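Kindly produce the complete structure, drawing on both the sequences and the hints.
Protein chains: 2
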Amino acid sequence: MIEDKNQNRTDLGSLGEFGLIDHLTKNFTIKQKSTIKGVGDDAAVMDFKKEQVVVTTDMLVEGVHFDLSYAPLKHLGYKAIIVNLSDVYAMNAQATQVTVSIAVSNRFPLEALEELYAGIETAAKIYNIDVVGGDTTSSTTGLIISVTAIGVVDAKKVVYRNGAKPNDLLVVTGDLGAAYMGLQVLEREKEVFKVNPNNQPELDNYTYIIERQLKPEARKDIVKLLHELGVKPTSMIDISDGLSSEIMHLCKHSKVGCDLYENKIPLDPQVISTCEEFKIDSTTVALNGGEDYELLFTISQEDFPKIKGNPNFTVIGFMKEEAAGMHLITRAETSIPLKAQGWNALNN
Amino acid sequence: MIEDKNQNRTDLGSLGEFGLIDHLTKNFTIKQKSTIKGVGDDAAVMDFKKEQVVVTTDMLVEGVHFDLSYAPLKHLGYKAIIVNLSDVYAMNAQATQVTVSIAVSNRFPLEALEELYAGIETAAKIYNIDVVGGDTTSSTTGLIISVTAIGVVDAKKVVYRNGAKPNDLLVVTGDLGAAYMGLQVLEREKEVFKVNPNNQPELDNYTYIIERQLKPEARKDIVKLLHELGVKPTSMIDISDGLSSEIMHLCKHSKVGCDLYENKIPLDPQVISTCEEFKIDSTTVALNGGEDYELLFTISQEDFPKIKGNPNFTVIGFMKEEAAGMHLITRAETSIPLKAQGWNALNN
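The listed protein sequences derive, respectively, from chains A and B. For reference, each letter of the first sequence is one residue, going 1 to 348 in the working numbering. For reference, each letter of the second sequence is one residue, going 1 to 348 in the working numbering.
Everything labelled a hint here was simulated from the structure, so no lab data went into it. Remember, predicted model here, so these are calculated numbers, not experimental data. Treat each hint with caution, since some may be false.
To be verified - Over the 10 Å line for every Cβ pair with chain B, so calculated as not near, a few chain A residues: (1) Q32; (2) G134; (3) Y160; (4) D175; (5) K215; (6) L229; (7) D281; (8) T334.
As the list claims (entries may be wrong) - Below 25 Å or equal to it, Euclidean Cα-Cα: the simulated DSS-like pairs (lysine-lysine) are: (9) B:K255 to A:K26; (10) B:K224 to B:K33; (11) A:K31 to B:K156; (12) A:K252 to B:K156; (13) A:K156 to B:K50; (14) A:K37 to B:K264; (15) B:K255 to A:K49; (16) B:K49 to A:K37.
By construction, the Cβ of each residue, glycine as well, lies at the ideal position given by its N, Cα and C atoms.
The following block contains the structure:
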């Protein structure tokens with residue numbers, strides 16, 4: 001996109017000393033009552049009254065977490081917010097504010113950053129959060145985005161990773177593995193494009209999985225739904241690194257074991273068909289694919305009637321004593337120890 | 001430092017999937033009552049009761065903000081925290097927590113990150129703040145550090161940039177220009193070292209200015225002192241980009257003008273002598289050097305007796321009507337319009 005010679009290109013250097021963040025955020029409106037002062041001072045100021053505050057931070061690095069040859073900047077801005085909000089919702093909290101810092105090389109014109117911030121603004125609107133601060137600086141190479149998300153939660157409602165008990169049910173929202181398979185399709189098309197740049201990609205059969213990769217959503221709706229259903233999970237985590245490793249986090253922090261049932265793992269038909277096409281096992285993809293941003297939680301068995309039959313939830317297993325370990329019960333009813341083989345940013 | 005073949009080198013990749021932040025922060029203690037949950041869940045949880053919350057974020061990029069050939073990693077970790085705390089204090093607030101995210105290439109061994117975090121831990125101890133979260137990921141090239149600092153302030157005490165009135169006094173803490181001159185000395189020694197690696201640097205005459213560059217402090221003490229003196233500034237900002245541009249920020253936000261007196265600008269003798277040696281005008285250095293992390297604020301004239309004679313404070317000018325503009329009154333009593341020529345990360 002930034003290779004297009006016909007579009008406007010404003011050098012970042014020409015903007016002068018200050019105010020790039022101010023320029024990029026000038027149309028952002030303040031929606032949260034708790035925001036007293038947003039962008040434009042040494043720090044943002046917020047008033048959360050009696051509620052507890054949750055804070056989480058994530059960094060996205062070009063060449064590691066995203067590839068600008070197929071990730072549009074607007075989607076990237078959107079995704080950078082979503083991955084952080086997902087962590088807030090995983091505390092059973094409501095997201096209220098974010099700060100956004102970017103390091104960017106001079107190869108990016110102002111218009112590219114405006115695209116990025118258009119995605120950030122869209123996410124802020126849809127998820128009803130305020131962008132209250134940030135920093136822009138130059139980088140020697142690519143683009144780095146660091147987001148910190150802030151949220152609020154009633155002290156009685158906060159859900160940690162460490163509250164699961166033996167016999168609790170393990171529940172997941174939505175379906176798994178789609179973002180990973182979307183990435184496989186995009187990587188394949190990139191290779192095809194390298195060989196023949198005139199080749200137009202045919203992506204009609206992959207719309208859902210590509211959207212899950214490029215423009216994921218965070219499950220704000222689930223926090224609201226759980227509240228309405230009167231269900232407080234005993235433990236919760238969001239699925240960013242793959243189901244397997246997230247289950248292991250819950251088990252480790254809660255000091256419990258787990259049986260996960262392969263035949264219960266929710267998969268979209270497009271994931272199944274694309275896995276067949278790529279000759280990849282769909283269970284492996286769901287276990288280790290990552291970037292699903294669904295919520296994984298445990299509930300006491302007595303809460304089961306409250307979620308039973310709800311299309312948002314799938315019971316995929318149950319917790320056991322710690323000594324029983326963590327296992328996948330396959331379709332053939334064999335029991336295999338769970339391993340975390342999720343995507344490892346530092347090994348890449 | 002990381003070229004030393006004799007020291008331990010643990011590949012980051014060998015650490016396995018998770019827990020690098022956990023490993024690096026495992027000895028960090030929680031000191032703040034407001035910290036309910038620190039590192040180790042999807043998000044940190046805090047309870048600030050009735051106080052307002054301030055949040056600020058800053059990013060440091062290798063090759064832009066620091067040069068590892070003369071910035072020790074421990075000092076760098078310390079500085080990354082300080083520059084953020086400085087923004088919290090500039091709101092007249094107390095810093096309570098930070099999150100730290102780093103992107104790092106595989107050329108850094110674990111031991112290098114441990115050095116970085118030793119500096120972060122030292123700053124956290126000295127400034128009595130908790131490290132409550134973070135993210136570690138790989139970068140394709142250098143080291144990037146993104147810190148978000150959180151603080152609390154009584155709603156009645158928060159000080160913004162926009163409260164200065166005509167006739168208010170302009171006050172600065174400490175002295176200016178030292179960090180910039182420290183950088184000049186370090187850059188010169190680096191060039192000397194390139195020509196003759198056996199040449200040992202002679203830095204005895206520059207200890208103060210080099211420390212101001214490599215290991216700056218944030219003025220937590222000033223927030224306490226102002227409180228004890230019963231002084232609430234009408235506006236405040238920290239000096240990160242040079243006195244000139246910070247004055248312009250206060251004037252712009254407060255819609256006032258300003259006369260700044262050259263002969264009042266506080267300079268350390270080492271700054272003056274090093275400026276003479278480098279044939280640089282010391283006023284230019286104080287106005288545009290940056291990285292001083294002193295506080296610049298305005299007070300009503302009636303508060304003057306409360307700060308008069310206090311060695312922490314220097315009155316350097318006074319605010320005027322907006323139409324009067326912003327001027328430097330030189331030693332020769334000529335009036336020169338102020339310009340912001342501070343260091344511009346995006347023009348480098």
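Okay, the hints, checked on the actual structure:
1. In this structure A:Q32 is separated from chain B by more than 10 Å, as the shortest Cβ-Cβ distance comes to about 12 Å.
2. Its closest Cβ contact with chain B, about 6 Å, brings A:G134 to no more than 10 Å, contrary to its assignment away from the interface.
3. In this structure A:Y160 is not separated from chain B by more than 10 Å, as the shortest Cβ-Cβ distance comes to only about 5 Å.
4. Every CB of chain B is more than 10 Å from the CB of A:D175 (nearest about 21 Å), matching its label as outside the interface.
5. At roughly 21 Å from the closest C-beta of chain B, the C-beta of A:K215 stays outside 10 Å, upholding its exclusion from the interface.
6. No Cβ of chain B approaches the Cβ of A:L229 within 10 Å, the least distance being about 21 Å, so the stated non-interface status holds.
7. At roughly 20 Å from the closest C-beta of chain B, the C-beta of A:D281 stays outside 10 Å, upholding its exclusion from the interface.
8. For A:T334, the condition that its CB be more than 10 Å from all CB atoms of chain B holds, with the nearest at approximately 25 Å.
9. About 19 Å separates the Cα atoms of B:K255 and A:K26, which keeps this hinted pair within 25 Å; it holds.
10. With a CA separation close to 19 Å, the supplied pair B:K224 and B:K33 stays within the 25 Å bound.
11. Pair hint A:K31 plus B:K156 holds up; C-alpha atoms about 23 Å apart against a cutoff of 25 Å.
12. With a C-alpha separation of about 44 Å, the suggested pair A:K252 and B:K156 falls outside the 25 Å cut-off, and the hint is violated.
13. Distance restraint check for A:K156 and B:K50: the Cα-Cα separation of roughly 18 Å lies within the 25 Å cut-off, and the hinted pair is therefore satisfied.
14. Restraint check for A:K37 and B:K264: the C-alpha separation of about 33 Å exceeds 25 Å, so the hint is violated.
15. Note on B:K255 and A:K49: the hinted pairing is violated, with a Cα-Cα distance of about 31 Å set against a maximum of 25 Å.
16. With a CA separation close to 19 Å, the supplied pair B:K49 and A:K37 stays within the 25 Å bound.
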